[in-house]
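Number of protein chains: 4
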Amino acid sequence: MKEECGVAGIILPGDRPQSNTVAFKLYYALYALQHRGQESTGITVHDGKSPKSIKGMGLVPDVYNKDSLGRLIGNIGVGHVRYSTTGGSKLENCQPFILKFKGGTVAIAHNGNLINAKALKDELECEGRIFVSDSDTEVIGHLLVKELIKHEPVESIRNVMRKLVGSYSLAIYINSALYAVRDPFGFKPLCFGEVDGGHAVVSESVALDTLNGTLTRDVRPGEVIVFNGSSFESHQIGNEPHPAHCVFEFIYFARPDSVIDGKLVYKVRESIGRELAREHQVEADIISPVPDSGITSAIGYARESGTKYLEGLMKNRYIGRTFILPGQELRETAVRLKMNTIQDNIKGKRVVLVDDSIVRGTTSRRIIDMIRKAGASEIHARVGSPAIIAPCYLGIDMATRQELIASYKSIKEVESLINADSLGYLSIEGLMRALECNKNDMCVGCLTGEYPVEIPGENCRKKQTHLDDFNKPKIS
Amino acid sequence: MKEECGVAGIILPGDRPQSNTVAFKLYYALYALQHRGQESTGITVHDGKSPKSIKGMGLVPDVYNKDSLGRLIGNIGVGHVRYSTTGGSKLENCQPFILKFKGGTVAIAHNGNLINAKALKDELECEGRIFVSDSDTEVIGHLLVKELIKHEPVESIRNVMRKLVGSYSLAIYINSALYAVRDPFGFKPLCFGEVDGGHAVVSESVALDTLNGTLTRDVRPGEVIVFNGSSFESHQIGNEPHPAHCVFEFIYFARPDSVIDGKLVYKVRESIGRELAREHQVEADIISPVPDSGITSAIGYARESGTKYLEGLMKNRYIGRTFILPGQELRETAVRLKMNTIQDNIKGKRVVLVDDSIVRGTTSRRIIDMIRKAGASEIHARVGSPAIIAPCYLGIDMATRQELIASYKSIKEVESLINADSLGYLSIEGLMRALECNKNDMCVGCLTGEYPVEIPGENCRKKQTHLDDFNKPKIS
Amino acid sequence: MKEECGVAGIILPGDRPQSNTVAFKLYYALYALQHRGQESTGITVHDGKSPKSIKGMGLVPDVYNKDSLGRLIGNIGVGHVRYSTTGGSKLENCQPFILKFKGGTVAIAHNGNLINAKALKDELECEGRIFVSDSDTEVIGHLLVKELIKHEPVESIRNVMRKLVGSYSLAIYINSALYAVRDPFGFKPLCFGEVDGGHAVVSESVALDTLNGTLTRDVRPGEVIVFNGSSFESHQIGNEPHPAHCVFEFIYFARPDSVIDGKLVYKVRESIGRELAREHQVEADIISPVPDSGITSAIGYARESGTKYLEGLMKNRYIGRTFILPGQELRETAVRLKMNTIQDNIKGKRVVLVDDSIVRGTTSRRIIDMIRKAGASEIHARVGSPAIIAPCYLGIDMATRQELIASYKSIKEVESLINADSLGYLSIEGLMRALECNKNDMCVGCLTGEYPVEIPGENCRKKQTHLDDFNKPKIS
Amino acid sequence: MKEECGVAGIILPGDRPQSNTVAFKLYYALYALQHRGQESTGITVHDGKSPKSIKGMGLVPDVYNKDSLGRLIGNIGVGHVRYSTTGGSKLENCQPFILKFKGGTVAIAHNGNLINAKALKDELECEGRIFVSDSDTEVIGHLLVKELIKHEPVESIRNVMRKLVGSYSLAIYINSALYAVRDPFGFKPLCFGEVDGGHAVVSESVALDTLNGTLTRDVRPGEVIVFNGSSFESHQIGNEPHPAHCVFEFIYFARPDSVIDGKLVYKVRESIGRELAREHQVEADIISPVPDSGITSAIGYARESGTKYLEGLMKNRYIGRTFILPGQELRETAVRLKMNTIQDNIKGKRVVLVDDSIVRGTTSRRIIDMIRKAGASEIHARVGSPAIIAPCYLGIDMATRQELIASYKSIKEVESLINADSLGYLSIEGLMRALECNKNDMCVGCLTGEYPVEIPGENCRKKQTHLDDFNKPKIS
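In order, the protein sequences belong to chains X, G, P and Y. Taking my numbering, I'd label the letters of the first sequence as residues 1 to 476. Taking my numbering, I'd label the letters of the second sequence as residues 1001 to 1476. Taking my numbering, I'd label the letters of the third sequence as residues 2001 to 2476. Taking my numbering, I'd label the letters of the fourth sequence as residues 3001 to 3476.
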C-alpha cells in the first residue's frame, strides 16, 4: 500500500522520572513533519511497564490535545504522520503499529514502501499468522517478533532487514530501547540528534530544530542505531556499494530548511533553478514561481538569468498543498481556491513560470490558463526536475504510469497540453549537478524507469546485493 | 479482561444481491442489546470479497449514522456492544475482532470471559505471535486461524473449543459463512432465528423481535451452528452432562422480555418475587420496587403477599443504569440524579423495598436513606437473589471479592449497614424454584463460591469434562 | 411558535462569594426536567456585573460539561430545556433569552405559548423594534424592557402581564434579583422551594427533589414572586376567579413523582386508572400498560377491576419517548425499536391495554397489531383521558386538528381504526374525579374545544377578566 | 469591541430560480478572505421569503460543509469572517447580524470599528431597546431599522451614516436587495465586481478573483451602492475632502494579490522594500525576510540594494499567522513551532532581516535570537513601516498603547531590546512614496497619534465634516 509518511522517535535518559515530556516533544516533532502526511497520526510512549497511545484521522492539532497528551507518561516513544494513496484511509492502518509479544511491547513507525510486502505476508499467513491492517508495517512487526523470541534486538533487526526489499526508514521501540533503522539504499531520509539530554530520530532535521535539538548526523543506509537514553550504538548492517536516495525529497517533498544526507534542501533547489536557467534560457520579463514549491528554484533561476523575480501567483495560506489531498474533485477545487494571479505583475509580460515538477499536468494547465487570462504575453514553463516517466514504488505518491503525463507524451505534446509557449525540463545531469551527486547514488526510478531494486515488471539498474551479505551486528 | 457484551450475527441468502440490509439490521439488533454494553460497539460486514467495518466508543446511536451504515455493503455480518470493567476502555479492544489470514477474513464477536486466556496467550506468544489488543477475543482469533489453515471451519472451531476454558457465546463469520458457537456449559445466552429469509444469531431473543424475526431456539451448550443463508447445520461439539447457565442473566442482566434457555425472564423475575414473599413475609403497607430492575419481582411479591403495590421511587428516564457506568464518582452522582422518592406514597408507611440484588451495598444504603427521609416508618429490604459472596469470572461485571458487601459481612451486618429495618435475601432453593431448575444446571458461582470450571484459587464444584471428549463435528 | 419547555431559576444569598454552584445546580435541575424538552437547552448566570451563558442543541448531558459549567460564575441564574414543534429547531431560538438594556441584563426562561404573540410583535415592530429569533420569549423581553426603563421591576412585570394572552410560566432574572411569574390562569406548572440556603423556582417539584431542596409551594396563578437570596416577596397580580391548569400535565406530560398544584401526579394517574375501570369494565385475563406513560393508570385499573396486572409490552430503555421526537419517520422507527411484546404474557389472553391518551392513533394501531401478532385473543383499549378533539394552543405539542384522530372520527371509528376489540375513553367527569377538581378550574380545551382564553377561530368558555383589573403590585 | 473582519455579499439576477449557488459562492469568497478573521464565520441567504443561516466558531472549512451549505437556498446573501481581540469570542457576536423587523429581514456584515458605538448604544437603550450581543453591528441594525420603518432604504442608510463615527465597510441585504456601504473616510477596504451574471461586494478583490469574477472598482468613501441583480446604482452620501485609508492594510493585513483603492498591495510592499533600502543602507551579505509578511518587501530591498536575497527563516505551512491568534501563551508556542532557521544560509553572514512591522517586539526578539544562534555575524533589522506609537481604534487589532514597544521606547532602546545590531524603520515619507499617496489621504493614526476622527483622549488631525452635510441620496 502506497503511502507518504513522517516518523519520529524520542528517548530520554533512564535515570529521569517518567513524565509526559516525550509525548509533548513527539507532538511538536510531528507538527514539524506534518507536510509528510496529513491524513492520520499517532503517538505511543512506553514507561517501562506498558504502552499508552493516541491515534486518529486528521492533522496533528486535531488529533491531540493538551489533556490527552498529558496522560501519555513514558520516557520513550515513537510517532507518525501518514498520507495514504490507496483508498484505505482507515483507522486500523494508522501508525505507529503497536504490538505485544512474549518479550514485551514493540512499536514501529515506518516511512517507505516494501516491494515484497505481499510475498512476505503470504509467507507469514502460511504459518497461520493473522493481520489486522493492510499496512506493510504489520508485516515488519511479525517478522521482527519472530526474530525477537530467538535473538537479541539488533540481531533480530538484521535478520528482518535481510528479508525486506524496498524502502524503510524506521523508528522503533522495543520496550525501553529506541532503534533507528534505514534500508541499505537509504531511500527515505532519517537522521538523529540530541534533544534535552536524550536522543531523537526523525524523518527530517527540521523536527530536531523545532525541538531545540542538535542534528548529530543522518542515519546511514543500512545502519541500525540503538539509543539508550543519552548514549547510542551504531551497527552497520546493510552493505550496498551505492546509496539510492530519493531525488524527489529534494525536488519537492522535504521541507527546504531540512538537511538531508548532508545536503540543505534549500540550496539544492536554488541550484536547480540556476541549472534550469543555464539549460533553458529564454527572453522574458519576469521569473515567477508556482508557490510554494517553485519559489526557491525561481529565485535561483532569476539570479542566474538576471531576469527580474516577480510573483505572478499568490497562494491562499489557509489551504493545504494540492499534491497531498486525496480525490480528483478536491484537487480541482483546491487549485481555484488556493492560487490567485496578481494581474498587475503579469499583464503584457513574458513570464517564465518555474515549478518543481509536473505530475499529471492538470494543475499546470490550469495555472497557465489563469496566467494567460491575467494577460501574460508569453508563458515559458520551466520545471525543476526531469520528466517523470515512471511510477514510484518506494515511498512517494505520484500517480500510476497512465496518469503521468510524461510517461506517454513527448515533451512537445506536454508543452501543447499544458498550453505553454515553451517547456523546459531540467536534465538528469543538471539535477545531479544541483545535487552535487552522482546519478548512481540517487534513486531516479521515476525519471528513468530503472529502479535500484528489482520490481516485478520494471527494469532494475543493477542487482541488489545478495541478502546473505548483510553484516552481523557489531558496533561500528 | 472482564467485560459484559452483546453479540449479533446475520446472514442473508446468497442469491440475493449484496446490499446494506445486513448492516442496518445489525444496527437495530445492537440497539435492542444496548443494555448489555454501552461503552463501545462495532459492526462488520463482508461482501464475499472484503470486510467493511465501523467501530467506536459510545452508544449505538452515537457510533453509527445512516451514511456510514449505508456504505457497509455485504450479506453477512457480525456486531457487538461492549462494556469493560477494567480501565482499558480503548478503541483497540472494540469488537468485533476482524482479522485477515491466508484463507480470507474472520470476524469474531464474543460475549464471555476465558479463564485460561493468559495461559493461551502465553503459549501463542511463545510461538512468536503478536497481539494488538488486550481482549480475549484476539486469543480466540489466533487459535482459530491456526486451525483454519489446516482444517475445515467446524473442525477448526471444535479444536479451538477444546482449548478454551470459560464462557463464550460467539458470532463469527469466516468469509461468507456465519457461525454460532456456545461454550459447553452455556454460561452466556445465545439464540438464533429466522430474519428476512436469512438467519440471525443474537445474545437475547429481544433482538430477533426487534428485527421482526422469529426465534428458532437457543444455541445449545457446546453446539456449533453453521448458517448458509437460508439453511443451517448443527454440530454438537461440547458434551457437559450439566449446563451452567448464568443465574444473573435472569436476576438482573437480561431484558425481561427475553426468552433465555427456554425461560421468559419476566416470568422468572415475577416468580422470584413470589418466592421472596413466601420466604420473608412481613407486615407492611406497600410493596415498592427499586426501579427498573426490581419492578417485576415487586409485582410478584405484592401479588403473593396481598399487600398493595405502590411505587415509592421514580426513575429519571434520561439517565442510564448505574450498575453499568464506570467510576465510583459517577455512580454516586447517578444515584442522586436518577432516582427520586414519591413522598406521598411513602410517608408514614411501612415499606417493603424489593431490589434485584445487592452488590456493594452503597446504592441500597443511599436509596433506603432517601426513603427514610421521605417519611417511611419502616423499611424492609427484600432482595431477589441470594447474597453475592464471590466474584464472577465468567462474564458479569460485579466487583472484586473485597467490594462485595456480603462476602465479608453477615446478613445482620449488611442489614445494619444499609440501614434497613429488616433484610431478606432469596434462598438459593427459592431462586431455583423460580427458575424451575436444578442448581446443578445453573452457574451459581457468585452465590456459593463454587464454580463449574476450575478457576485458580477458587473452588470447583466438579471437574470439567476431559477436553479430549469433545465430539468430532457431525451434523446433529 | 409551539413548544414544550421546562424552566428553572436559582438564587443564592448575596453574602455568599460568587461561585459556579448555581450553574451546577441549574444543570441538575434541567436534567430532572429533561422530559419537558430534549431539543435544546441553555443556562445563564449573572455575577452582578455581567452574564455568562451556555446554549446548545441537544440533551442536557450533551450541551454542558464540567469545564464549561465550571466557568459560569454567578449566584443567580436561569435555565431552560426546550422542544419545538415547528420546524424551527434553531440555535437562535434556544432559551434563556438574554438581553442587555439600559438598566443591565435580563434573562428569561419561558414555558408556555402566547396567543397574541403575533399581534404584540406587530405592535413592537411598528415601533421599529427588531427581532433576532422566532420565539415568544423575545416578545416578552421587549415588553419587559419597555417597562423597566420607566418602572420598578414588579410594576413592570405587571404591566407586561396585562398585555399577554396565553400561557406563561417564567423564571426571570433582572440583574441580581430572581422573579417567578405565572399567568393568571396558571396553565403551565411552576413551583418554588428552598435550596442550599437560597431559592429555586422550577417547572416541576422533582427538580427541587433532585437538588435536595424542599418544595415551599406552587407559584399561584397570576402571582409574581421576587427572590432576594434567602427571602422572597409575593405579589398577586392576576385575578382570575378560576384557574385553568393544563389537564395534560397530569395525564401525560409531567413526571409522576411531581406535585403540581398540590396534586401528586402519580396519584392522579392511579385514580384515572380506577375511574377508567369503573367506567369501562370488561372481562379480561390481564391488564397491561403501554409503557411508560400507561403504567400507573394500568396499576389503578388492575386494582379496581381485580384483574391481574401483567406487562405485555417492554420498552427499550435506551430510546427516548416517541411523543417528543420530531418527524413522522422517526416516530415510526421508534415504535418498532422501542417497544417489544412479551409473548408468553399475552398469548391466548384477553388483554386490557391501558394507555394515557390517543393523539393520532397511529402508535396505538401499531402497538395493538404487535399484541395481536403475539397471540392475544382480545384487545380492549382503555385510554386514561377523554378523546382529544381540538388542538392545544397553550403549551402542549399535540397535533393539528386534522391530525387528531378523534377530532374527525367517532369513537366507534377510532376503535375500528386502531383495530381494538373495544375502546373506552375516560369521561371528562371521570377525569375530574381523578383530579378531585372542578372542570372550571382546569384547562380542558383539547377535550372540549372550549378554551379559557379567546383564541381566534375557537370557542372561549368565558371571557377573560378585563385586563385593567390586574392588581397593582403589593406584597401579599 | 475591537475586531478584524472580512465581509462579502452576493446577489444573482432575480429572474433566476432560487438555488444554493449564492451560499457556495459566499463560502468560497470567505475562504479567500480567511486571513481577515479566523475566529468565527457566518453566512446568511434570503430567498425572498425568509432568511437561512449558518454561523459558528472556527475556520471556514470547519463551520460549513456541503450538506449544510446545500440547504441555504436564496439568490441573495452576505457572509462574514471575524477575529475579535476582546476576550468575548462568543457565538452571539458572530456575524452577519440578522434581524427581523416590520419590513422584513435585514442582515449586516460589518468590517470596522465605531468610535461612538457606546454613545449610540446608550441612546438606543434609553429608548428601551434591547441588545443581545456586544457587537457594534447590532447598534447599526437598530439605527437602520429605526429609519427603515419611516424611509426608503438608501435614505435610511444615509440617516444612519450621519450618526456613525468610525470605520465601517458593510455588506447588507434588506429583503431582496444588496447594499454596499463604506464610511466617508474609506478606512477599511471594500470593492465590488461582476460574478456569474450578478454582483459581489467583498472586502478585498482576491475574493472576486476566487469567484472567477471581475473587479468593477472600489466602493468609494461615503458611497452607498444598491445592487439589484445584474444592475447597480451608486449614491454618494458622505463628503469628506480627504479619504483616510488604513495604511496597515497595505503594510500587513491585506493579501498581497489584492488591489485596494486602486493600488496593488504587492507593488506597495515591494516599493516599501526599495524605500527602506534607500533610507537604511547597510553593508550585508544577505537580505532575508521574516516570512510570510516580510517577503515582498525583502525582495524589493534586495533589488534596490543589490544584495543577495536569501531566505534564512522557513515557515511551517501548517501553522497560522501569529499576529492573529489570541492569547499570549499561544503566541509564544507558535513562534517556536512556526519558524525555523536555515542555518547554512545564515552562518557567518551579515543579515538584513526585513519584517513588515514591529508591534510588541517580542516576536522580533525571538526571531533575532534564533538567527543569532544559527550563526549570523550581524543582524540588521529593517522594518517596512514607521514605528507604531499609538493604538488603532479603527479596525486593526494591534495592542494597547502600553503593549506597543515603540510607544514608550526610543528606537535605540527598541534596537537593544530586540537585540539587533542596527534597526531601521521606514519613514512616514518613505511609506507615502511607496504608496504614491499623500499622508492626508491615509489614516496614519497608529504612526502619529493623530486620527482622522475625534477619539476621546486622542488627537484629531482635523475636524470631521459636519454631519449635516451628508448628501441626500441620488444616483451618481
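Derived by calculation from the structure, the hints in this document are not laboratory data. Please note: incorrect hints may appear among the correct ones.
Chain P residues, not near chain G, derived (Cβ > 10 Å throughout) [unchecked claim]: (1) Pro2017; (2) Gln2038; (3) Asp2209; (4) Thr2210; (5) Ile2299; (6) Thr2341; (7) Asp2344.
Here are the simulated DSS-like cross-link-like pairs (lysine-lysine), alpha carbons at most 27 Å apart as the crow flies [said to hold, decoys possible]: (8) Lys2315/P <-> Lys1308/G; (9) Lys1102/G <-> Lys49/X; (10) Lys1049/G <-> Lys1102/G; (11) Lys3049/Y <-> Lys315/X; (12) Lys55/X <-> Lys1472/G; (13) Lys52/X <-> Lys1472/G; (14) Lys3118/Y <-> Lys3049/Y; (15) Lys1409/G <-> Lys1373/G; (16) Lys3121/Y <-> Lys2100/P; (17) Lys3049/Y <-> Lys2150/P; (18) Lys102/X <-> Lys1102/G; (19) Lys1102/G <-> Lys1066/G; (20) Lys3163/Y <-> Lys2150/P; (21) Lys3121/Y <-> Lys3100/Y; (22) Lys3315/Y <-> Lys2118/P; (23) Lys3121/Y <-> Lys3102/Y; (24) Lys2163/P <-> Lys2412/P; (25) Lys1102/G <-> Lys1472/G.
Note that the Cβ used here is the ideal one computed from N, Cα and C, for glycine as well.
Checked hints:
Every Cβ of chain G is farther than 10 Å from the Cβ of Pro2017/P; the closest lies at roughly 24 Å, confirming the non-interface assignment. Remark: the non-interface label on Gln2038/P conflicts with the geometry, its nearest Cβ contact in chain G lying 8 Å away (cut-off 10 Å). In this structure Asp2209/P is not separated from chain G by more than 10 Å, as the shortest Cβ-Cβ distance comes to only about 5 Å. The beta carbon of Thr2210/P sits about 6 Å from the closest Cβ of chain G, which is not more than 10 Å, so the claim that it is off the interface is violated.
Non-interface call for Ile2299/P relative to chain G: violated, since the shortest CB-CB distance, roughly 7 Å, does not exceed 10 Å. Not every Cβ of chain G is farther than 10 Å from the Cβ of Thr2341/P; the closest lies at roughly 7 Å, contradicting the non-interface assignment. Some Cβ of chain G comes within 10 Å of the Cβ of Asp2344/P; the nearest lies about 4 Å off, and the non-interface call is violated. A C-alpha spacing of about 24 Å is found between Lys2315/P and Lys1308/G, which places the hinted pair at or below 27 Å, so the restraint holds.
Pair hint Lys1102/G plus Lys49/X does not hold up; C-alpha atoms about 33 Å apart against a cutoff of 27 Å. As the CA atoms of Lys1049/G and Lys1102/G are separated by approximately 14 Å, the hinted pair is consistent with the 27 Å bound. Using a Cα cut-off of 27 Å, the hinted pair Lys3049/Y and Lys315/X is violated, with the two alpha carbons roughly 39 Å apart. Our distance criterion of 27 Å between C-alpha atoms is broken by Lys55/X and Lys1472/G, whose separation comes to about 44 Å.
For the proposed pair Lys52/X and Lys1472/G, the alpha carbon gap of about 43 Å is over 27 Å, so the pair is violated. Between Lys3118/Y and Lys3049/Y the CA atoms are separated by roughly 34 Å; this puts the pair beyond 27 Å, and the hint is violated. In summary, the hint linking Lys1409/G to Lys1373/G is supported, as the alpha carbons are separated by about 26 Å, within the 27 Å threshold. Between Lys3121/Y and Lys2100/P the alpha-carbon distance is near 10 Å, which keeps this suggested pair within the 27 Å criterion.
Between Lys3049/Y and Lys2150/P the CA atoms are separated by roughly 37 Å; this puts the pair beyond 27 Å, and the hint is violated. The straight-line distance between the Cα atoms of Lys102/X and Lys1102/G is roughly 23 Å, inside the 27 Å bound, and the hint therefore holds. This hinted pair does not check out: Lys1102/G and Lys1066/G have alpha carbons roughly 33 Å apart, beyond 27 Å. Pair hint Lys3163/Y plus Lys2150/P holds up; C-alpha atoms about 26 Å apart against a cutoff of 27 Å.
Under the criterion of a C-alpha separation no larger than 27 Å, the hint pairing Lys3121/Y with Lys3100/Y is consistent with the structure, at around 19 Å. Taking the CA atoms of Lys3315/Y and Lys2118/P, the gap is near 57 Å; set against the 27 Å cutoff, the hint is violated. A hinted pair counts as satisfied when its Cα atoms are at most 27 Å apart, and Lys3121/Y with Lys3102/Y qualifies at roughly 21 Å. A C-alpha spacing of about 44 Å is found between Lys2163/P and Lys2412/P, which places the hinted pair above 27 Å, so the restraint is violated.
With a CA separation close to 24 Å, the supplied pair Lys1102/G and Lys1472/G stays within the 27 Å bound.
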